[in-house]
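Guided by the hints, dock chain C onto chain R, whose structure is given.
Number of protein chains: 2
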Amino acid sequence: MFSNCVGRLGLLSRPHRHIQRKCGLHGRPNFTKNNYKAIRGNFGYLEEQHIQFFQKLLGYDRILTDLSDLEQYNVDRYCQVRGCSQIVLKPKTTEEVSQILSFCNENRLAICLQGGNTDVVGASVPVFDEIVVSTELMNEIIDLDENSGVIICQAGCVLENIDKKLEGSGLMVPLDLGAKGSCHIGGNVATNAGGLRLLRYGNLHGNVLGLEVVKANGEVIDCLSTLKKDNTGFHLKHLFIGSEGTLGFITKVSLQCPPRARSINVAFLGLQNFDKVLKTFRKAKEDLCEILSAFEVIDSTSMEFAKETVGITSPIGDYPYYLLIETSGSNPEHDADKLYKFLDLVLVKHLALNGTLATEPAKVNAIWAIREKIPEGFKHSSVLCYDFSLPLSKYFDLVEDMRNHMGSLAKKVFGFGHLGDGNLHLQIEVNEMSKEVRDHVEPNVFERVKQMNGSISAEHGMGFLKANYLSFANPPSKVEMMRNLKSMLDPKGILNPYKVFPWTYS
Amino acid sequence: MFSNCVGRLGLLSRPHRHIQRKCGLHGRPNFTKNNYKAIRGNFGYLEEQHIQFFQKLLGYDRILTDLSDLEQYNVDRYCQVRGCSQIVLKPKTTEEVSQILSFCNENRLAICLQGGNTDVVGASVPVFDEIVVSTELMNEIIDLDENSGVIICQAGCVLENIDKKLEGSGLMVPLDLGAKGSCHIGGNVATNAGGLRLLRYGNLHGNVLGLEVVKANGEVIDCLSTLKKDNTGFHLKHLFIGSEGTLGFITKVSLQCPPRARSINVAFLGLQNFDKVLKTFRKAKEDLCEILSAFEVIDSTSMEFAKETVGITSPIGDYPYYLLIETSGSNPEHDADKLYKFLDLVLVKHLALNGTLATEPAKVNAIWAIREKIPEGFKHSSVLCYDFSLPLSKYFDLVEDMRNHMGSLAKKVFGFGHLGDGNLHLQIEVNEMSKEVRDHVEPNVFERVKQMNGSISAEHGMGFLKANYLSFANPPSKVEMMRNLKSMLDPKGILNPYKVFPWTYS
Chain R
1 MFSNCVGRLG LLSRPHRHIQ RKCGLHGRPN FTKNNYKAIR GNFGYLEEQH IQFFQKLLGY
61 DRILTDLSDL EQYNVDRYCQ VRGCSQIVLK PKTTEEVSQI LSFCNENRLA ICLQGGNTDV
121 VGASVPVFDE IVVSTELMNE IIDLDENSGV IICQAGCVLE NIDKKLEGSG LMVPLDLGAK
181 GSCHIGGNVA TNAGGLRLLR YGNLHGNVLG LEVVKANGEV IDCLSTLKKD NTGFHLKHLF
241 IGSEGTLGFI TKVSLQCPPR ARSINVAFLG LQNFDKVLKT FRKAKEDLCE ILSAFEVIDS
301 TSMEFAKETV GITSPIGDYP YYLLIETSGS NPEHDADKLY KFLDLVLVKH LALNGTLATE
361 PAKVNAIWAI REKIPEGFKH SSVLCYDFSL PLSKYFDLVE DMRNHMGSLA KKVFGFGHLG
421 DGNLHLQIEV NEMSKEVRDH VEPNVFERVK QMNGSISAEH GMGFLKANYL SFANPPSKVE
481 MMRNLKSMLD PKGILNPYKV FPWTYS
Chain C
1 MFSNCVGRLG LLSRPHRHIQ RKCGLHGRPN FTKNNYKAIR GNFGYLEEQH IQFFQKLLGY
61 DRILTDLSDL EQYNVDRYCQ VRGCSQIVLK PKTTEEVSQI LSFCNENRLA ICLQGGNTDV
121 VGASVPVFDE IVVSTELMNE IIDLDENSGV IICQAGCVLE NIDKKLEGSG LMVPLDLGAK
181 GSCHIGGNVA TNAGGLRLLR YGNLHGNVLG LEVVKANGEV IDCLSTLKKD NTGFHLKHLF
241 IGSEGTLGFI TKVSLQCPPR ARSINVAFLG LQNFDKVLKT FRKAKEDLCE ILSAFEVIDS
301 TSMEFAKETV GITSPIGDYP YYLLIETSGS NPEHDADKLY KFLDLVLVKH LALNGTLATE
361 PAKVNAIWAI REKIPEGFKH SSVLCYDFSL PLSKYFDLVE DMRNHMGSLA KKVFGFGHLG
421 DGNLHLQIEV NEMSKEVRDH VEPNVFERVK QMNGSISAEH GMGFLKANYL SFANPPSKVE
481 MMRNLKSMLD PKGILNPYKV FPWTYS
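Protein chains in written order, with the UniProt record's numbering: chain R, 1 to 506; chain C, 1 to 506.
Keep in mind that the hints were calculated from the coordinates and are not lab data.
Just so it is clear, the structure is predicted and the values come from calculations on it, not from any experiment.
Mixed in with the good hints, there may be bad ones.
In this list, chains with the same sequence are indistinguishable; a pair is considered to hold if it fits within one copy or across any two.
Claimed, not checked - 20 Å max Cα-Cα, derived SDA-like pairs, lysine to any residue: (1) LYS478 / ASP222; (2) LYS478 / GLY218; (3) LYS90 / SER182; (4) LYS492 / GLU480; (5) LYS412 / SER314; (6) LYS283 / GLY170; (7) LYS450 / THR226.
Bound-form chain R, shown alone (with noise of 0.2 Å):
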């Protein structure tokens, strides 16, 4: 298989040693490019020469390009797509990143950017052969201003690393995602990751001080500010916020750091229709308000499924609807008043028809683990997954309409999700992936979404996967802006090709 992906120099024609990145039931994907119908742009193939400048700037350690050192990195996580890259560059220091991105850029050498590799579109791995330029060792924490509670790291700090420094200071990370513990803090800003907590404490954009960001062109753009307020001039870091590595490549970010939660408590409901869940929503964040931090929703067939791929049950018996609410203050006392007092007015207004309570971290984690481990039946199963916004009056209309869609052709459809901010994860179970099956879902649920005033892509990202949607789920004035930027300060395209524009025009 690997012949397909033989480069000039022939570096992959060496024997395949050992994969890292483990794949589950449907095994290692084929290669992207023979896939799908991408065409490869009109980049320069990597030369011996090149492979010198690359070893002169970094030393051997820090440049793979031993086979059985790059598969992990040319598939994904989810191994959906894999590329065939030849070569993996470690830089240290936004210098060397700086040196790479204007080397690439005079020789038109496309680069794939990649953090932790985490993502679920295809957005950190290549297509082609793209060079990989990792930020894995790019994790210093630079530093911690207590009394402001600002943290400067570089981009390839993993979120927990960041959020383990801060603990320390009674400060925490204003960001919590499943991926915590592996993705890196650069990819998170680049794809303005959302996560479980944003109900809380905001999305990137208003928690992002400063960012340092490195141009195709290899210009460093130093937008590294640690005030909170400074109106002089454009907010320029907001552009890469969000813009999936292909504006530019950031190299560190200065964080907006709450303080740390003195008590996490949580709640399970059973509920018996969606009116009473959103009924329930305002009630929330009505009493709960300051200290609400999350507001999920889980219905009774993503339980079914739960139980059948990995065993979970609901706690409190079964009902149409579940939510899992938490609230996170400073003060034990008066979180757990507010909880308690709020969980009985909404069993007494009959809107929840049994509920638990947990203030202690074990059960308080034996809540979450409900809530987070449905995800990993998609392991054991074969299931479409999607990640949208809708306008809450219609949140669930979504899941009942694509269970009529599909009939018999799916299994299962149910969804989950993150409530409180709008976002729905839509999953279609059916019994054999096919391309059939994609074509009945596909475009039709974007199109539905669409109808809604919902969004394609809640925090997923456009990526590779969803990259020829970006017309679809954009009025054309805003695809010409967003080609005009990429035009302005990437008019090579090498930074992370095929990734949020459509491939079909590379």
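Okay, now just chain C, sitting in the frame of chain R:
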């Protein structure tokens, strides 16, 4: 004096009848074009045929050409600058804005975008004869989704009116400014207004969910999402937040609105030194945490100045530093308990020497009045006012530095501000405002701020008065990127010329 300002049509030669803008101690300012060495850009002059086009589009009653009507649009709120526009246009719809801009772009007619005209850096009035396009009739609230807490409104809605609309739904605008009774939400967004409660509710980059913007060529960019999470391409709206109307004309805004606070409490403390101010801030962040909504500092000289000019005195006796600490929360009992305990602790630990607390609205307002009335004193004296961001460790060093630097040239040098956001308002009171005094202060004070890694404009923006400092405040790579963005979106430079970008180059 008007003779300086006659355009090609001589519209301004009509007798001057009534000036609605009331200027205080220093009277109506001279024309900016005479006071400053700005050079008029290569723009067209207003002609009869242009007026006919506007009349056809808007009717006669939404165009002002009479001198007496024009004056309030030509002079800024603080009577610092004065343009000589000959025409004010008052569109009601996006379509009308689009047609105005398209026409002006074709005819190379410069435009001055005006909201509530409440800015302090000469941003919202013309410099020469730019056509004023006012948002005052674009004041429709379009939609309010009470479930998700999202409001959509036109750009000309007055901030306070939006807040009133939200009150019935238990929601509030996440922004509070002294000028809320007259500023427009479009202007707030265009200048990235910060205000009093940024500490609690975050900045506009976090709270604005969507924008509709008209480009210089009349093209409408629809980024008017109401979704909290939407990662389907670049996050374009952020480019317009804080760009001061130089990149596009904001016509609609959608805002995420938090639940309205059910209890607001305020404490007023006297402290011995700035080290204790900082320690009290850290303690407040830890113990008041999620309900801390303002942390304002006032130095003793500010209080002396307020006493002399507007008769305000400290309710707790004289101290080197005062703190105004506000909490906003959902549970009056919990909030008061947190604040009482916090006050006990800072007094027992000798962080504060004295303090008082208010939980009733009348007393809360009375304490806020101490802080809010200081700027009123500026009307009764000659004061140079600055709006800086500084790292907290150096926050008050600047006041002391400038006191030494000014020596007998200043009557008083004092500081107060939103310490919680690192935002210092530095004031220099002088016997008489003169070129000598100003030259002694600037650019010296800006250089000191830069050395301290601060910002020379925390929330006020660059406008006209600070525009020449753009390259001082930003490295060349950022300025170049700003210029490229401007060229991309407004190639003829018709939108708010002489603002943000140095007008010495115009």
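*With identical chains treated as interchangeable, where does the CA-CA distance between LYS478 and GLY218 reach 20 Å or less: within a copy, between copies, both, or neither?*
between (27 Å within a copy, 14 Å between copies)
*Identical-chain pair category, LYS492 with GLU480, by Cα at 20 Å*: Both, since 17 Å and 19 Å are each at most 20 Å.
*First find the shortest C-alpha distance between LYS450 and THR226 inside one copy, then the shortest across copies, and answer within, between, both or neither for a cut-off of 20 Å.*
between (38 Å within a copy, 13 Å between copies)
*For the identical chains here, do LYS283 and GLY170 meet the 20 Å Cα criterion within one copy, between copies, both, or neither?*
between (30 Å within a copy, 11 Å between copies)
*asked:* As a check of your reading, is LYS90 near SER182 (CA-CA no more than 20 Å) within one copy, between copies, both or neither?
replied: Classified as within: same-chain Cα gap 16 Å, cross-chain 54 Å, threshold 20 Å.
*Evaluate LYS478 and ASP222 at a C-alpha cut-off of 20 Å and name the case that applies: within, between, both or neither.*
Intra 26 Å, inter 7 Å, cutoff 20 Å: inter-copy only.
_Treating 20 Å as the Cα threshold, decide for LYS412 and SER314: within, between, both or neither._
within (18 Å within a copy, 68 Å between copies)
Comparing the model with each numbered hint stated earlier shows that all of them hold.
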